[in-house]
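Engineer: Protein chains in written order, with the working numbering: chain A, 629 to 1037; chain B, 629 to 1037.
In case anyone wonders, no lab produced these hints; they're calculated from the structure.
A portion of the hints provided could be inaccurate.
Each pair may be met inside one copy or between any two copies, as identical chains are not told apart.
With a straight-line Cα cutoff of 20 Å, these simulated SDA-like cross-link-like pairs (lysine to any residue) come out [unchecked claim]:
1) Lys734 - Gly720
2) Lys734 - Leu960
3) Lys839 - Glu656
4) Lys966 - Ala1037
5) Lys927 - Asp913
6) Lys685 - His707
7) Lys791 - Ala865
8) Lys986 - Ile1019
9) Lys839 - Gly660
10) Lys927 - Gln773
11) Lys794 - Asp895
12) Lys1032 - Ser965
13) Lys966 - Lys1032
14) Lys794 - Ile894
15) Lys927 - Gly916
16) Lys982 - Arg1010
17) Lys839 - Gln657
18) Lys745 - Pro945
19) Lys745 - Gly660
20) Lys911 - Glu650
21) Lys839 - Asp959
In this text, all values refer to a predicted model and were calculated from it rather than measured experimentally.
Number of protein chains: 2
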Amino acid sequence: MIKIALIGHGVVGSGVAQLLEEKRESLEQKAGDRLYCAKILDLRDFPHTPYADRFTKDFDEIVSDPTIQIVVEAMGGLHPAYEFVKACLEKGKSVVTSNKELVAEKGAKLLRLAKEKNVNFFFEASVGGGIPIIRPMHLCLAANQIDKIYGILNGTTNFILTKMIKEQMTFQDALLLAQKLGYAEKDPSADVDGVDACRKICILASLAFGKQIYPQEVHTEGISQITLEDVEYAKNAGCALKLIGQAKRLSGEKCSVLVSPAFVPIDNQLSSIDDVFNGVLLKGDATGEVLFYGKGAGKLPTASAVVADIVHIAKSPHTSLSLTWENSDADLVADISKYENAFYYRLRGAISPKKAQKLWGPLTILSRKNQPEDEIAFITGRMPESNAAAIEKEMGEEAEILGKIRILA
Amino acid sequence: MIKIALIGHGVVGSGVAQLLEEKRESLEQKAGDRLYCAKILDLRDFPHTPYADRFTKDFDEIVSDPTIQIVVEAMGGLHPAYEFVKACLEKGKSVVTSNKELVAEKGAKLLRLAKEKNVNFFFEASVGGGIPIIRPMHLCLAANQIDKIYGILNGTTNFILTKMIKEQMTFQDALLLAQKLGYAEKDPSADVDGVDACRKICILASLAFGKQIYPQEVHTEGISQITLEDVEYAKNAGCALKLIGQAKRLSGEKCSVLVSPAFVPIDNQLSSIDDVFNGVLLKGDATGEVLFYGKGAGKLPTASAVVADIVHIAKSPHTSLSLTWENSDADLVADISKYENAFYYRLRGAISPKKAQKLWGPLTILSRKNQPEDEIAFITGRMPESNAAAIEKEMGEEAEILGKIRILA
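This is chain A alone, in the form it adopts within the complex:
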């Protein structure tokens, strides 16, 4: 029997407890041993669960119990999750987490500690909910150098954008609906400002490039400034508007990492990923492009990814299979001014297409229904971000920038 403890009995934690209980037999067959949830740490009581007797409010009952081999951290947040996980690894317990903030901020430290102690620190559930991404990247694509990884990493913002695209809802109305349906939190900022997507692209980039990429190094834009006019121009350009996290290997040691809304051309598989679904595209030097797609959140999808990590650990006890990446002190992430992109602009003012082309070079001019006379929208050629900024400066007061969005390439 392999004894497991859960830290946190919220959405994910309760899902893990439920799956361990309901799928006991098939999990035993797959893991080669009985998986038993022995302790659950939560400050609340849950008297009506089938495992009501196993709750504790004292972390020490878990960390000091030598019979507990695997600890699931599903409390979220950085503290005290970090201290709890660290203490468990130090005691030689493997840890599984769904906490993206923890992995994005402390991944390198915890992975090194796990390796030292010959245990595992797994986090499949931290990106893409129930979609297998971390393990396929690590195990299945071992013969590839990953040159590029990008995707739709946040279901809430994708739901909002889908409603804006398909039903012409405004951002505010779509956000209210997402909150009503339980897809968005009361304070939606972590989702709509791109913070959640940023943590996830940091985890994927760290894994792809072998060095920790920290969220604070990543230029991050959310979707709250997106208007229905932008959506309409995107359609006119043959694109869908999505919030994209992306990381690319640049020449030299540097990489680019970015979270921002983007025009996604319809021939890109990501353009048709709607609602709360997520999709991640990897480009390996041997395999080419590979896409993973599915529900990026939700109780059981996420819990099933946690349980898969548990099964993997149970199948190979006493083996440290952890992926690793190193701590990075160097400035691995290149400055955003150096990234190359094509841009969509929407301008208001006395600026003709001819004048715009003089400033930006060859453009694709876009149009929409009921377009005001003093509005112009276009897509530029590819240029460094710094060039785009310089041109904006040169344009000065002649026109007001109502919208500026990158084109995914």
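With the hints as your guide, set chain B onto chain A.
Structural biologist: Same frame as chain A, now just chain B:
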């Protein structure tokens, strides 16, 4: 150092040798040990490779060498591949193969033997080329009961159908082009008749249901009867025409497994998978639908999947991590007459929409440009295959069936 032998230096085998050579350092880091290709069995000579000195024509030099731990079978075909793999497993060597015929026909036997000998038999490359599918299904979705698995499993037929859909090429012209580009073999029957897709769905179904499903149990239809008229009616119905392998868990112990062309509605992610790309959709009871997409064939994608298997074995020596399924004597696959489907029919003859509705029940009538007066095309409601057959019989000589294709649901 971990010594590896290759059986077969064809497309996949030479790709494996190339990756082991070119990516030596990064693989050593990932595997935790040097991966060294010590012997290559092939009847031909390859004097101009960097490892020309390691070729042999004698299988015994591999099977009897106790220092060789991992054998890669990349020769294809059932014999002598089966005998070679069996002999290697019996000697306690782990085996990695890309040979779908071998796995589809002999998987259960070889998996049991590997388990007995505490070694591994891996075959990630046998389905979907470089796309990680087998391992994610096995490891990442361990907490799921897989209820349904279906997809585009053959790149050659998908290339042909894409040319028919996007460029109105006839089947014959598209096949010739595929042969010219090296996507189709001189004798294209294994691809166009669905044999290759059948082997792959058998492997996926065996893994999903835990019992060996044999190709000869699976109703298999190819694409050689598909016409441009069918393609046009599919468009009119809001669908793309694809060759689909599918396996579903039915009530009781039975399952349905089928390979056939299908109308794929455009809101299904598979509908936009074009050219030589493959896509596999899984439905797990916890995770919901998950899609894997990428290049389903090609030298380096397939070889990179083989190398990933090698790395996985190298990381956990002395551990049998193999997935397993049992041999099945029982009739696990239900008779096709019991499967339920909606059907597209194209008929020629004196049959009115009203008469057709009388026979088939409520229909969606389809149309195309230049539709002859004596042609009718429609989509039926869902019904057992046996009902459809009975109605065809009832219709008798009134009309000739020019096309009949299932609708993917």
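Engineer: Look at each hint and say if it fits the structure.
Structural biologist: Here's how the hints hold up against the structure:
| no. | hint | result |
| --- | --- | --- |
| 1 | Lys734 - Gly720 | within (18 Å within a copy, 41 Å between copies) |
| 2 | Lys734 - Leu960 | within (17 Å within a copy, 49 Å between copies) |
| 3 | Lys839 - Glu656 | between (36 Å within a copy, 18 Å between copies) |
| 4 | Lys966 - Ala1037 | within (16 Å within a copy, 47 Å between copies) |
| 5 | Lys927 - Asp913 | between (35 Å within a copy, 12 Å between copies) |
| 6 | Lys685 - His707 | within (16 Å within a copy, 62 Å between copies) |
| 7 | Lys791 - Ala865 | within (19 Å within a copy, 25 Å between copies) |
| 8 | Lys986 - Ile1019 | within (10 Å within a copy, 69 Å between copies) |
| 9 | Lys839 - Gly660 | between (34 Å within a copy, 18 Å between copies) |
| 10 | Lys927 - Gln773 | between (33 Å within a copy, 16 Å between copies) |
| 11 | Lys794 - Asp895 | both (18 Å within a copy, 13 Å between copies) |
| 12 | Lys1032 - Ser965 | within (15 Å within a copy, 57 Å between copies) |
| 13 | Lys966 - Lys1032 | within (17 Å within a copy, 56 Å between copies) |
| 14 | Lys794 - Ile894 | both (14 Å within a copy, 15 Å between copies) |
| 15 | Lys927 - Gly916 | between (32 Å within a copy, 11 Å between copies) |
| 16 | Lys982 - Arg1010 | within (19 Å within a copy, 58 Å between copies) |
| 17 | Lys839 - Gln657 | between (36 Å within a copy, 14 Å between copies) |
| 18 | Lys745 - Pro945 | both (13 Å within a copy, 19 Å between copies) |
| 19 | Lys745 - Gly660 | between (23 Å within a copy, 17 Å between copies) |
| 20 | Lys911 - Glu650 | between (37 Å within a copy, 18 Å between copies) |
| 21 | Lys839 - Asp959 | within (11 Å within a copy, 52 Å between copies) |
Figure legend: structure checked against the earlier numbered hints; every hint is met.
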